[in-house]
Amino acid sequence: MRILKPLAQRLLYGLLSLLLVSVVTFWASEQIGDVAVILAGEKASPETVVRIRHSLGLDQPAPVRYGRYLNNAVHGDFGMSFHGTHEPVKDIIARDLPMTARIAFMAILLSAIVGIFLGTVAGVYQNRFQDRAVLIVSTLGVTLPNFVLAPFLVYFFCLKMDRLPQTWEQNRVAADYMYLILPVVVLSARPAALLTRLTRASFIDTMQQEYIRLAIAKGVPRMRLIVRHALRNAILPVVTAIGTSFGFLLTGSFVVENFFGLPGLGKETIEAISKRDVMVVQACVFVTGAMFIVVNLIVDILLPILDPRIREAQI
Amino acid sequence: MRQRLRKDPLLLGGMVFLVLLVLFAVFGPHLRHDPFLQNGGTHLPPGGDYWLGTDTVGRDTFSRLAYGARLSLYIGLVVQSISLGVGILMGVLGTFSPRWLGSLIMRFTDVMFAFPDILLAILIITVVGMGVKPVIVALSITAWPAIARLVKTQLATLKDREFVVAARASGASTAYLVFKHVLPQLWGILMAVTMVELAGTILSESTLSFLGIGIQAPDPSWGSMIQSARMQMNSYPMELLYPCVILSLTIFALNFVGDGLRAALDPKSS
Numbered sequence: 001m002r003i004l005k006p007l008a009q010r011l012l013y014g015l016l017s018l019l020l021v022s023v024v025t026f027w028a029s030e031q032i033g034d035v036a037v038i039l040a041g042e043k044a045s046p047e048t049v050v051r052i053r054h055s056l057g058l059d060q061p062a063p064v065r066y067g068r069y070l071n072n073a074v075h076g077d078f079g080m081s082f083h084g085t086h087e088p089v090k091d092i093i094a095r096d097l098p099m100t101a102r103i104a105f106m107a108i109l110l111s112a113i114v115g116i117f118l119g120t121v122a123g124v125y126q127n128r129f130q131d132r133a134v135l136i137v138s139t140l141g142v143t144l145p146n147f148v149l150a151p152f153l154v155y156f157f158c159l160k161m162d163r164l165p166q167t168w169e170q171n172r173v174a175a176d177y178m179y180l181i182l183p184v185v186v187l188s189a190r191p192a193a194l195l196t197r198l199t200r201a202s203f204i205d206t207m208q209q210e211y212i213r214l215a216i217a218k219g220v221p222r223m224r225l226i227v228r229h230a231l232r233n234a235i236l237p238v239v240t241a242i243g244t245s246f247g248f249l250l251t252g253s254f255v256v257e258n259f260f261g262l263p264g265l266g267k268e269t270i271e272a273i274s275k276r277d278v279m280v281v282q283a284c285v286f287v288t289g290a291m292f293i294v295v296n297l298i299v300d301i302l303l304p305i306l307d308p309r310i311r312e313a314q315i
Numbered sequence: 001m002r003q004r005l006r007k008d009p010l011l012l013g014g015m016v017f018l019v020l021l022v023l024f025a026v027f028g029p030h031l032r033h034d035p036f037l038q039n040g041g042t043h044l045p046p047g048g049d050y051w052l053g054t055d056t057v058g059r060d061t062f063s064r065l066a067y068g069a070r071l072s073l074y075i076g077l078v079v080q081s082i083s084l085g086v087g088i089l090m091g092v093l094g095t096f097s098p099r100w101l102g103s104l105i106m107r108f109t110d111v112m113f114a115f116p117d118i119l120l121a122i123l124i125i126t127v128v129g130m131g132v133k134p135v136i137v138a139l140s141i142t143a144w145p146a147i148a149r150l151v152k153t154q155l156a157t158l159k160d161r162e163f164v165v166a167a168r169a170s171g172a173s174t175a176y177l178v179f180k181h182v183l184p185q186l187w188g189i190l191m192a193v194t195m196v197e198l199a200g201t202i203l204s205e206s207t208l209s210f211l212g213i214g215i216q217a218p219d220p221s222w223g224s225m226i227q228s229a230r231m232q233m234n235s236y237p238m239e240l241l242y243p244c245v246i247l248s249l250t251i252f253a254l255n256f257v258g259d260g261l262r263a264a265l266d267p268k269s270s
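Residue numbers (our numbering), protein chains in the order written: chain P, 1 to 315; chain L, 1 to 270.
Quick caveat, the hints were computed from the structure, so don't treat them as lab data.
Computed from a predicted model, the values in this text were never measured in an experiment.
Ideal Cβ placement from N, Cα and C applies to all residues, glycine included.
Among the clues, some could well be false.
Unchecked claim - Under the rule of at most 30 Å between Cα atoms (straight-line distance), these lysine-lysine pairs were calculated in the DSBU-like manner: (1) 90/P to 218/P; (2) 7/L to 5/P; (3) 43/P to 90/P; (4) 159/L to 180/L; (5) 133/L to 159/L; (6) 133/L to 275/P.
Claimed, not checked - Covered stretches of chain L, as calculated for chain P (at least 3 residues, CB under 8 Å): (7) 10 to 16; (8) 81 to 94; (9) 140 to 151; (10) 183 to 195; (11) 236 to 244.
Said to hold, decoys possible - Pairwise CB distance ranges, derived in the manner of DEER restraints: (12) 165/L to 20/P: 18 to 24 Å; (13) 104/L to 61/P: 24 to 30 Å; (14) 47/P to 26/L: 56 to 62 Å.
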């Protein structure tokens, strides 16, 4: 039963981080100016402004407003956009979230596969040609900005070779995944490179351990030794890193969605900022931040399930 | 140091590049044409009077790159100075203050460290507006936790060493101890880490400018230059090349110098 205690602790920290995000987003929305005036429009009479202010409860003290904001946010209500048809922010999020989630999920899958594979290859051939090659590629992947990588890929695959479409279009001529290949590759470059480095270090570390020497001495076949004996242990810190690299994915999705014109949260947020549409920005940041916290929470909970040693240590 | 440089060509190359970059940022904007003046023809090819050609509205690309370097380095250095100040203060407070306060500070630092920096920057920029100052504010708020955590882990290993105990025994106050005995040992590693962090700040600044919410027109930033060049990349792909190359090289150089310095400071690695 005592395994529950660290889990509860993690949950508590996760909730506290979420609360911190909600306080910050609430604070941000308060700084923008009088929402009632913005909603009423410039030509509205003072009475209308007062009426709107009262109907939205903006004349109440800040803690009350924060409480209501939090309550609404938990129920998925983020108010409505200041612009256009005053569309509910909830609908905007519901429209944009699938695209962001889709590319983020595909990118994390791709970067995990590529990272663990390349990292293992580099670890197996430590200090040899294969290792050097992987090191160069991963250094490029970590340092090259994604908005530099994206135009280069577009230049070669879209302009020179004419194999892939350049941007997402309303009327797509090819299958959807054709449009998503480049965005997902660009998005996963940095996490993949980081996971490669980490897998390599962890793999080399694991290969030095006694039980691996024993396995070699016993004559365990090479492939089986690498995959079943070494990698199974080496992969644990990599799993934690997949959670933290989700942060890079979120940051990257702002760039990638804008670059390739994908209708997702990142594109919506940037457009909302230039329109000063705080309600939308606030909700997008809240949802993105919440996703980040939840993914890391899931990783924290998964880890003891994967690693008996952590499980034992916690009991 | 000379031996170290000979053994580590990346460190040497990075240092040479950074010196050239600083010279470029200081003198570049005054060398040829005014970076804001729309005097030439639009989209002139490189060579001739305009070394790297002109952009969409006929401004000198060379001067704009240099001015962009100036802004990037300025923002990076200001942000890193603030981040060093706040980070060291938080790290020291986290180590030497009462336990409850220390763990509170470090918990807060951890949350701030883990939170994606662009997300917070976006929120701050929505509130304060766009431009050089908001970018500095937004990036400083997200930069210090890395330094605070580094200082905290370094102090944790230092604070029980004999010389600290000896200084305490001879009646040194905590402040004296920190500033005279402990912090001077950290300058090397802090400088190495600051180089790498500086790369991160310059990258974040150009990311924000690329997204159109960082440095605003007519001020040039490498990020916004990449953004405006990519709109025309079907017709003028070369214009995209220059800001991309200089930004990437700057980030490579800072990382190589940071890693090289760290390796040079670590006796175990040689």
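Here is how each hint holds up against the structure:
Between the alpha carbons of residue 90/P and residue 218/P the distance comes to roughly 60 Å, so the proposed pair goes past 30 Å and is violated. At roughly 51 Å between alpha-carbon atoms, residue 7/L and residue 5/P are farther apart than 30 Å, so this suggested pair is violated. Between residue 43/P and residue 90/P, the direct Cα distance comes to roughly 28 Å. Compliance with the 30 Å bound is thereby established for this hinted pair. Restraint check for residue 159/L and residue 180/L: the C-alpha separation of about 13 Å stays at or below 30 Å, so the hint holds.
In summary, the hint linking residue 133/L to residue 159/L is not supported, as the alpha carbons are separated by about 38 Å, beyond the 30 Å threshold. For the suggested pair residue 133/L and residue 275/P, the alpha carbons sit about 20 Å apart, so the restraint of at most 30 Å is met. For the segment 10 to 16 of chain L, the stated coverage by chain P is not satisfied: 0 residues place a CB nearer than 8 Å to a CB of that chain, which falls below the threshold of 3. For a cut-off of 8 Å, the count of residues in the segment 81 to 94 of chain L with a CB near a CB of chain P stands at 0, and the three-residue condition is violated.
Counting residues of the segment 140 to 151 of chain L whose beta carbon lies closer than 8 Å to any beta carbon of chain P gives 0, which falls below the threshold of three, so the coverage claim is violated. Remark: the segment 183 to 195 of chain L is not confirmed as covered by chain P, as 0 of its residues place a Cβ nearer than 8 Å to a Cβ of that chain, below the required three. A count of 3 residues in the segment 236 to 244 of chain L with a Cβ less than 8 Å from any Cβ of chain P is obtained; the coverage claim is therefore met, three being the minimum. A hinted range of 18 to 24 Å for the beta carbons of residue 165/L and residue 20/P is inconsistent with their spacing of about 38 Å.
Taking 24 to 30 Å as the suggested C-beta distance range, the pair residue 104/L and residue 61/P conforms, at roughly 27 Å. Between residue 47/P and residue 26/L the beta carbon distance is about 59 Å. The supplied range of 56 to 62 Å therefore holds.
The structure does not agree with the numbered hints 1, 2, 5, 7, 8, 9, 10 and 12 stated previously, though it agrees with the rest.
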